[in-house]
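Engineer: Sequence:
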Amino acid sequence: VKYEHLVAGISGGVTSTLILHPLDLIKIRFAVNDGRHAAIPQYRSLTGAFSTIFRQEGFRGLYKGVTPNIWGSGSAWGFYFLFYNTIKTWIQGGNTHIALGPTMHMVAAAEAGILTLAMTNPIWVVKTRLCLQYSNELSANNDSTNYRGMIDALKKIYRAEGIRGFYRGFVPGIFGVSHGALQFMTYEEMKNRYNQYRRLPIDQKLTTAEYLTFAAISKLIAAAATYPYQVIRTRLQDHHLHYEGTWDCVKKTWRFEKWKGFYKGLGPNLTRVVPATMITFATYENVYHYMRDNKKKQENVINPCQIDKAITPDTNATNGYYTEIPKKDGI
Numbered sequence: 001v002k003y004e005h006l007v008a009g010i011s012g013g014v015t016s017t018l019i020l021h022p023l024d025l026i027k028i029r030f031a032v033n034d035g036r037h038a039a040i041p042q043y044r045s046l047t048g049a050f051s052t053i054f055r056q057e058g059f060r061g062l063y064k065g066v067t068p069n070i071w072g073s074g075s076a077w078g079f080y081f082l083f084y085n086t087i088k089t090w091i092q093g094g095n096t097h098i099a100l101g102p103t104m105h106m107v108a109a110a111e112a113g114i115l116t117l118a119m120t121n122p123i124w125v126v127k128t129r130l131c132l133q134y135s136n137e138l139s140a141n142n143d144s145t146n147y148r149g150m151i152d153a154l155k156k157i158y159r160a161e162g163i164r165g166f167y168r169g170f171v172p173g174i175f176g177v178s179h180g181a182l183q184f185m186t187y188e189e190m191k192n193r194y195n196q197y198r199r200l201p202i203d204q205k206l207t208t209a210e211y212l213t214f215a216a217i218s219k220l221i222a223a224a225a226t227y228p229y230q231v232i233r234t235r236l237q238d239h240h241l242h243y244e245g246t247w248d249c250v251k252k253t254w255r256f257e258k259w260k261g262f263y264k265g266l267g268p269n270l271t272r273v274v275p276a277t278m279i280t281f282a283t284y285e286n287v288y289h290y291m292r293d294n295k296k297k298q299e300n301v302i303n304p305c306q307i308d309k310a311i312t313p314d315t316n317a318t319n320g321y322y323t324e325i326p327k328k329d330g331i
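Numbering (the UniProt record's numbering), first residue to last: 1 to 331.
Each hint should be verified, as a subset may be incorrect.
Derived DSS-like pairs (lysine-lysine); straight-line CA-CA distance at most 25 Å [to be verified]: (1) Lys-205 - Lys-297; (2) Lys-2 - Lys-205; (3) Lys-205 - Lys-191; (4) Lys-191 - Lys-296; (5) Lys-191 - Lys-295; (6) Lys-205 - Lys-295; (7) Lys-295 - Lys-2; (8) Lys-297 - Lys-2; (9) Lys-2 - Lys-191; (10) Lys-205 - Lys-296; (11) Lys-2 - Lys-296.
Derived from the structure by calculation, the hints contain no laboratory data.
Let's have the full structure, built from the sequences with the hints guiding it.
Structural biologist: Here's what the structure looks like:
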């Protein structure tokens, strides 16, 4: 297991979250707005939501839920890249120079996604709850659903809902694994084909601009294909909305909002996830290759015990230096 993938993934996830969290918060608030609950503010546009939140809740309001988001994004990307590359290397039989096909990339990404989701879903529930605390609720002083921070939210969710509360939205999250699988398959295929076109090894380091381009294209394709599951998952995690399960949420969304309901928040989501993915992947690739190259340099340092020369003291020297003489056969 190469820890470089874990460290590089965490670096990418944390960096993109710190920069783009306000857009994530706005996307979540758009996604849960079904038009039937007075407690949920109505936002008409991305800029309108941004200005309203800033006016009513201040700058800190735009960063509600940022702590669990940093924990979630950092750990999720770290574990995802670690699991994905470990599974991929196992499929390759340990030879990372062997190119895999689209199916194997999807299999590796799907397995990595399920493992990562099982470990990080509680963090995403907490992040969603914190992002959905509105200024009018905080003033109402409802202690059971007002969270003062990540730890307070963890305690109150466990007290009120038990372990099951931490795994709300887990089922649609499993379906959402297809999002990561599709994205990684597209990203890997573009990288591999590009390097093959240039007659270079498939693990050859690319420029930052090339990583940014491939990441953006792969994310657009995956987001457009799988966004509805994110709406369903977010609504199941919202404590203002009450559904009997995933299928009940799907039926009610269709009944009251039709197909548009499944794509609410897509604009803010794309505005956030495309730059976020570009930052995450470019950071990951550069950190990983830096660590990998640095490790290779350390491994290539010649061990004195393995030098192919015999080193003997220079008996004619008086300064204590040594003279190298060619190694003879048998010595």
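Engineer: For each hint, tell me whether it holds in the structure or not.
Structural biologist: Verification of the hints:
1. Lys-205 - Lys-297: 16 Å, holds
2. Lys-2 - Lys-205: 17 Å, holds
3. Lys-205 - Lys-191: This hinted pair holds, its Cα atoms lying about 10 Å apart.
4. Lys-191 - Lys-296: 22 Å, holds
5. Lys-191 - Lys-295: 23 Å, holds
6. Lys-205 - Lys-295: 15 Å, holds
7. Lys-295 - Lys-2: The given pair, whose Cα atoms are some 11 Å apart, holds under the 25 Å limit.
8. Lys-297 - Lys-2: With Cα atoms ~16 Å apart, Lys-297 and Lys-2 stay inside 25 Å; holds.
9. Lys-2 - Lys-191: 21 Å, holds
10. Lys-205 - Lys-296: 14 Å, holds
11. Lys-2 - Lys-296: Holds - the C-alpha atoms of Lys-296 and Lys-2 are around 13 Å apart, at most 25 Å.
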